[in-house]
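Asker: For reference, the chains in residue letters:
2 protein chains.
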Amino acid sequence: MAAPLANDRLLRALLRQPVDRTPVWIMRQAGRYLPEYRASRARAGSFLALCTTPELACEVTLQPLARFPLDAAILFSDILTIPHAMGVGLSFETGEGPRIARPVQSAADVAALPVPDPGRELRYVVDAVGLIRRELAGRVPLIGFAGSPWTVATYLVEGGSSRDFTRIKRLLYAEPATLHALLDKLVQATTLYLNAQSAAGAQALMLFDTWGGALTPAAYREFSLAYMQRIVAGLVREREGARVPVILFTKGGGAWLEAMAGSGADALGVDWTTDLATARQLTGGRVALQGNLDPGVLRAQPAVIRAEVLRVLQSYGRGPGHVFNLGHGIQPDIDPEHLGALIAAVQELSPVFHR
Amino acid sequence: MAAPLANDRLLRALLRQPVDRTPVWIMRQAGRYLPEYRASRARAGSFLALCTTPELACEVTLQPLARFPLDAAILFSDILTIPHAMGVGLSFETGEGPRIARPVQSAADVAALPVPDPGRELRYVVDAVGLIRRELAGRVPLIGFAGSPWTVATYLVEGGSSRDFTRIKRLLYAEPATLHALLDKLVQATTLYLNAQSAAGAQALMLFDTWGGALTPAAYREFSLAYMQRIVAGLVREREGARVPVILFTKGGGAWLEAMAGSGADALGVDWTTDLATARQLTGGRVALQGNLDPGVLRAQPAVIRAEVLRVLQSYGRGPGHVFNLGHGIQPDIDPEHLGALIAAVQELSPVFHR
Numbered sequence: 001m002a003a004p005l006a007n008d009r010l011l012r013a014l015l016r017q018p019v020d021r022t023p024v025w026i027m028r029q030a031g032r033y034l035p036e037y038r039a040s041r042a043r044a045g046s047f048l049a050l051c052t053t054p055e056l057a058c059e060v061t062l063q064p065l066a067r068f069p070l071d072a073a074i075l076f077s078d079i080l081t082i083p084h085a086m087g088v089g090l091s092f093e094t095g096e097g098p099r100i101a102r103p104v105q106s107a108a109d110v111a112a113l114p115v116p117d118p119g120r121e122l123r124y125v126v127d128a129v130g131l132i133r134r135e136l137a138g139r140v141p142l143i144g145f146a147g148s149p150w151t152v153a154t155y156l157v158e159g160g161s162s163r164d165f166t167r168i169k170r171l172l173y174a175e176p177a178t179l180h181a182l183l184d185k186l187v188q189a190t191t192l193y194l195n196a197q198s199a200a201g202a203q204a205l206m207l208f209d210t211w212g213g214a215l216t217p218a219a220y221r222e223f224s225l226a227y228m229q230r231i232v233a234g235l236v237r238e239r240e241g242a243r244v245p246v247i248l249f250t251k252g253g254g255a256w257l258e259a260m261a262g263s264g265a266d267a268l269g270v271d272w273t274t275d276l277a278t279a280r281q282l283t284g285g286r287v288a289l290q291g292n293l294d295p296g297v298l299r300a301q302p303a304v305i306r307a308e309v310l311r312v313l314q315s316y317g318r319g320p321g322h323v324f325n326l327g328h329g330i331q332p333d334i335d336p337e338h339l340g341a342l343i344a345a346v347q348e349l350s351p352v353f354h355r
Numbered sequence: 356m357a358a359p360l361a362n363d364r365l366l367r368a369l370l371r372q373p374v375d376r377t378p379v380w381i382m383r384q385a386g387r388y389l390p391e392y393r394a395s396r397a398r399a400g401s402f403l404a405l406c407t408t409p410e411l412a413c414e415v416t417l418q419p420l421a422r423f424p425l426d427a428a429i430l431f432s433d434i435l436t437i438p439h440a441m442g443v444g445l446s447f448e449t450g451e452g453p454r455i456a457r458p459v460q461s462a463a464d465v466a467a468l469p470v471p472d473p474g475r476e477l478r479y480v481v482d483a484v485g486l487i488r489r490e491l492a493g494r495v496p497l498i499g500f501a502g503s504p505w506t507v508a509t510y511l512v513e514g515g516s517s518r519d520f521t522r523i524k525r526l527l528y529a530e531p532a533t534l535h536a537l538l539d540k541l542v543q544a545t546t547l548y549l550n551a552q553s554a555a556g557a558q559a560l561m562l563f564d565t566w567g568g569a570l571t572p573a574a575y576r577e578f579s580l581a582y583m584q585r586i587v588a589g590l591v592r593e594r595e596g597a598r599v600p601v602i603l604f605t606k607g608g609g610a611w612l613e614a615m616a617g618s619g620a621d622a623l624g625v626d627w628t629t630d631l632a633t634a635r636q637l638t639g640g641r642v643a644l645q646g647n648l649d650p651g652v653l654r655a656q657p658a659v660i661r662a663e664v665l666r667v668l669q670s671y672g673r674g675p676g677h678v679f680n681l682g683h684g685i686q687p688d689i690d691p692e693h694l695g696a697l698i699a700a701v702q703e704l705s706p707v708f709h710r
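So the protein sequences, as listed, match chains A and B.
Residue numbering for the first sequence follows the numbering used here, beginning at 1 and increasing consecutively.
Residue numbering for the second sequence follows the numbering used here, beginning at 356 and increasing consecutively.
For the record, the hints were derived by calculation from the structure and aren't laboratory data.
These numbers come from a predicted model, not from an experiment.
Using N, Cα and C, we set each Cβ at its ideal position, and we do this for glycine too.
You can take every hint at face value.
The calculated lysine to aspartate or glutamate pairs, modelled on DMTMM-like cross-linking and capped at a C-alpha distance of 25 Å, are:
hint	chain 1	residue 1	chain 2	residue 2
1	A	LYS251	A	ASP275
2	B	LYS606	B	ASP688
3	B	LYS606	B	ASP539
4	A	LYS251	A	ASP164
5	B	LYS606	A	ASP275
6	A	LYS251	A	ASP184
7	A	LYS251	B	GLU613
8	A	LYS251	B	ASP630
9	B	LYS606	A	GLU222
10	A	LYS251	B	GLU577
11	B	LYS606	B	GLU577
12	B	LYS606	A	GLU258
13	B	LYS606	B	ASP519
14	A	LYS251	A	GLU222
15	A	LYS251	A	GLU96
16	B	LYS606	A	ASP164
17	A	LYS251	B	ASP519
18	B	LYS606	B	ASP630
19	B	LYS606	B	GLU451
Beta-carbon label-pair distances, calculated as ranges:
hint	chain 1	residue 1	chain 2	residue 2	range
20	A	ALA226	B	GLU530	40 to 48 Å
21	B	GLY493	A	ALA108	50 to 58 Å
22	A	ALA101	B	GLU692	26 to 34 Å
23	B	GLU530	A	GLY340	18 to 26 Å
24	B	ARG598	A	ARG102	51 to 59 Å
25	B	ARG457	A	ALA242	56 to 64 Å
26	A	ARG102	B	PRO531	43 to 51 Å
27	B	GLU692	A	ALA108	23 to 31 Å
From chain A, some residues computed to sit far from chain B (all C-beta separations above 12 Å):
hint	residue
28	PHE47
29	GLU55
30	PRO114
31	ARG123
32	ALA137
33	GLU337
Turn these sequences into a full structure, and let the hints guide you.
Answerer: Following this line, the structure appears as structure tokens:
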């Protein structure tokens, strides 16, 4: 039924199969650094309207692919769609990040949270995935995603972004049972949500654990990794006769890559604070690795970008299992031509690592 | 001339000498969580007035010692005194953190920066150290400190606090020579400054590298660690017939502890994202370790605090070389009684690790 994939480098690399060159995609590749994105966002009126209108989500998802020879599309959406669907009053204030009107503060609040039905409250995401898949017509695979339970919980409990995670740390140390109940509910919601995305056409899935790095090693295992692991175990891993690879990314989680490699995920995201050579050693070939250029490199001139791309390729070294990416999202004030230089450098410099 | 130290646990632990129990002090122990600090600050009128008036700096330095049986005092000051003395227009906006009116943006800006004379532009710090030393009268040692060159440079270049370090990353990748020149100037200023602090009576010195964790491993070595190492090499290491121990603390630097152990510092600070057992293994007994309770633990009830204190003590294990601390500063909304519970727990639970 679906068109065969013309470019399957991403899926092959995520499964550590040989490729002709290192595939590349970029976190937040559909985003504010692109003038065409800013125009779509202005027409939509708000960030949430962009996320919740499948045609608009599809439009911005495809924008970077029209500019750059990327090896994957990633669904344009947000890690807070699940809280949005839970009815906690999500809004995005310009320049201030997300706000949650009714934060989760007690065991009663947790018990009252519904587990959204992806076919109803998150239907707009499922529809966007289907639409993007059709529009892609097999050019490159589509990545679906969600936030990790711990990371989504930080927003639910703090009521928005946080620097010190004061409320959720209180919960973690003073009322761990309440936090476990919240994380358990998020596992249920996220598993349903990601399975709905892959059923609708997402060919790989990624869990973003943006704030796992704020935890102690023991708390990371207990409150973040264990719950990501439960999601991975609950995912449908084969669709349309192909494996649906799963990527886990804990920002600031370099020290825990070894533990993450045993999670059942096919690939791990790595931020720029850990060398890929170290990450490869720690994970011992059990998983593919995705990353990890410092997003700040895109502020330099193309010759520097090229040299730093080579450094990342050399750090991973020869052989399959590497997906090139930044170590975190591209920042809004980056010149798109600099991203073009990055992608060209990966294309030109990586084949030798696969011979 | 100076009174002999009644409590030398901190200095002994920093030099990995036997002690009867683990010494404890707390980053930001003189700070906003104390009502008496808030009263002093209100009287002073501003945070900068508090830092720049020796009598007031002395007063707030001693406040936590009047409440808690701490094993050290730390000079009340700020890591931005050097930029202040360089004349870049430092101010602290309430609730917004530091602002620098004339950020450093070019090689010409760097060349124009003076190296402050600690006896003149930073005289207020030197005077505060002398005053605190006299007031302490040998009860516990006094720790002096400064920001690391990299960390201070982030404020100078960004013009204040930063999330993504966009300007200094541009400098790092696009104009590394300019950044090296700035760091070199900060090494000169910081070495003079710390030597002036120890000459005035500071018995241990600490370098706070709050933002070293934002760098790649290679950039950390080149732009942060190398410069801290130069400072360590330039410090007077013996005063009043005793060694002046030096502590380096890179927040988020768990992966680099091994490299840091070769810096010439006597001790390394460790944040809560790395277990002390791991840190001890990585550093192989070459340095003492300071840390590393998650500051969020202080939000829980005293019984939990006690259990988590024990976990940290057990993680370090038996033998000398551990200074108990949080993994980062105490937060402003913590109940002082909870800090009391932490200190009591260290006193009661640690002797067994030294038998």
